[in-house]
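Protein chains in written order, with the working numbering: chain A, 1 to 172; chain B, 1 to 211.
Honestly, I wouldn't trust all of these hints.
Unchecked claim - Subject to a maximum C-alpha distance of 25 Å in a straight line, what follows is the list of computed SDA-like cross-link-like pairs (lysine to any residue):
#1 B:Lys131 x B:Lys74
#2 A:Lys139 x B:Gln181
#3 A:Lys139 x B:Leu198
#4 B:Lys186 x B:Glu35
#5 A:Lys112 x B:Tyr32
#6 B:Lys96 x A:Thr72
#7 A:Lys102 x B:Lys131
#8 B:Lys96 x A:Lys112
#9 A:Lys87 x B:Lys90
#10 A:Lys112 x B:Tyr125
#11 A:Lys89 x A:Gly105
#12 B:Lys99 x A:Tyr122
#13 B:Lys186 x B:Glu167
#14 A:Lys139 x B:Ser165
#15 B:Lys90 x A:His78
#16 A:Lys102 x B:Ser98
#17 B:Lys95 x A:Thr72
#18 A:Lys139 x B:Leu106
#19 A:Lys102 x B:Tyr38
#20 B:Lys96 x A:Asp106
#21 A:Lys112 x B:Lys186
#22 A:Lys112 x B:Pro45
#23 B:Lys99 x A:Gly135
#24 A:Lys102 x B:Gln181
#25 A:Lys112 x B:Lys74
#26 B:Lys131 x B:Cys18
#27 A:Lys139 x B:Asn48
#28 B:Lys74 x B:Ser165
#29 A:Lys87 x B:Lys186
#30 B:Lys186 x B:His156
#31 A:Lys139 x A:Glu61
Unchecked claim - Ranges of calculated distance between the beta carbons of each label pair, as one might list FRET restraints:
#32 A:Glu133 x B:Lys96: 49 to 59 Å
#33 B:Tyr180 x A:Lys89: 25 to 35 Å
#34 B:Ile197 x A:Gly135: 28 to 38 Å
#35 B:Thr82 x A:Asp56: 51 to 61 Å
#36 A:Gly77 x B:Glu182: 56 to 66 Å
Hint data in this document are derived by calculation from the structure and do not stem from the laboratory. Glycine included, each C-beta is placed from N, C-alpha and C at the ideal position.
The lines below spell out each chain.
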Amino acid sequence: MIDMKQIKENVSSKIKTYQTHEESEQPVKEARPTTRNTPAKEGSASIGASIRIRGDVTGDENLIIQGEVDGTIKVQGHNVTISKTGKVKANIEANQIIVEGKLEGDMNGDEKVIIRESGNVYGNIVAPRVTLEDGAMFKGSIEMEPRSAASSQPRSGMNKLQDNDSAERKSA
Amino acid sequence: MLVKPMLAVDEPSQEADCSIKSPLLSDLLGAYTEEGYYQVLDTMPAHNQLIDYFSRLHCKLFLPGCHESLLSLKMDELDTETKLNRALIKHIGLKKQSKAALTLILLWDLPNYLEPEILEALIQYLLPHCKEDVMLHAYIHTREQMPVLPGVYKIHSGDKSTVVSKEQTKGQSCSSPMYYQETLQKLMSPFLVQRSILLSGGMQEYLLQRR
């Protein structure tokens, strides 16, 4: 079940954390374990470690998942981070997806998908760029386009899937 | 490209890994262009070098990481065709709805270690998911002895060409099936040997094509 009160508390505490970091001149590595490569300028929503969500998650801001999500996640144009404690069974559509925890589902990243050392992924990826850190576990398929083409034509995940279907039809 | 000679398979290795010359695979992948669309199945565990290597192409990589699980398959436990097929689906994950049209299958030295019936079943299982002219790459041991476990091969980009690195499997050796070309083609039917070359370490590199 969705506990909105706790989500709000998490969001406000996360925003405070970011503000503190921006004000501080010293880089604070330990305080941002789940936000490596995640732009911190915008507000980010956080699903705390004790939260379990069953259903569709949509939004217009970055999302950090420390708890469990079972359903779908769509945050077009924004980033999703599944932190080390995160357990997700969902298809994800986002700009950039970072997995440090467990994911069972497909990922559609408009820009990039990164599976960190602690990441454990069963699913399929469609993205222009995919990074798999040493030690990361991945089972599934990865669909990529040449870097030059991908960088010159940023497109939505759905367009890419349609194009890939047509490419498969051509090759059949 | 820095190429070290491959170590003899019946001599325990002192090195953690080495690069091996794989001319047939290099030629094949060197001919892949940005205009093409390729679907590649690699049975080895997924690694970033492979992803990075293929990121220059429009491609789909199937990375089931099934090398070890395929090795654990035993024919006496999979006495029916259905059981065998289910096991292959479980480990490789290609189903009818996957709509895969494989262009290339990378088996590395796995065929040496699979029971012949399982190798045959694996090929038959993969066929519906392949393009008509799909290519299959494999290394076959030509000496009587081979390492007890298959090597861990990783394909990645060298300075100007394709490099295959192999983590040496230390320890004892075991008898090799020493498949000759005819036997291999029979087990992997309808694949026929297109090119083959003897590598310096006593392994024969094979490139087979579906006919």
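Original post:
Honestly, which of those hints from before does the structure not fit?
Top reply: 1, 2, 3, 4, 7, 8, 10, 13, 15, 19, 21, 23, 24, 25, 26, 28, 29, 30, 31, 32, 33, 35
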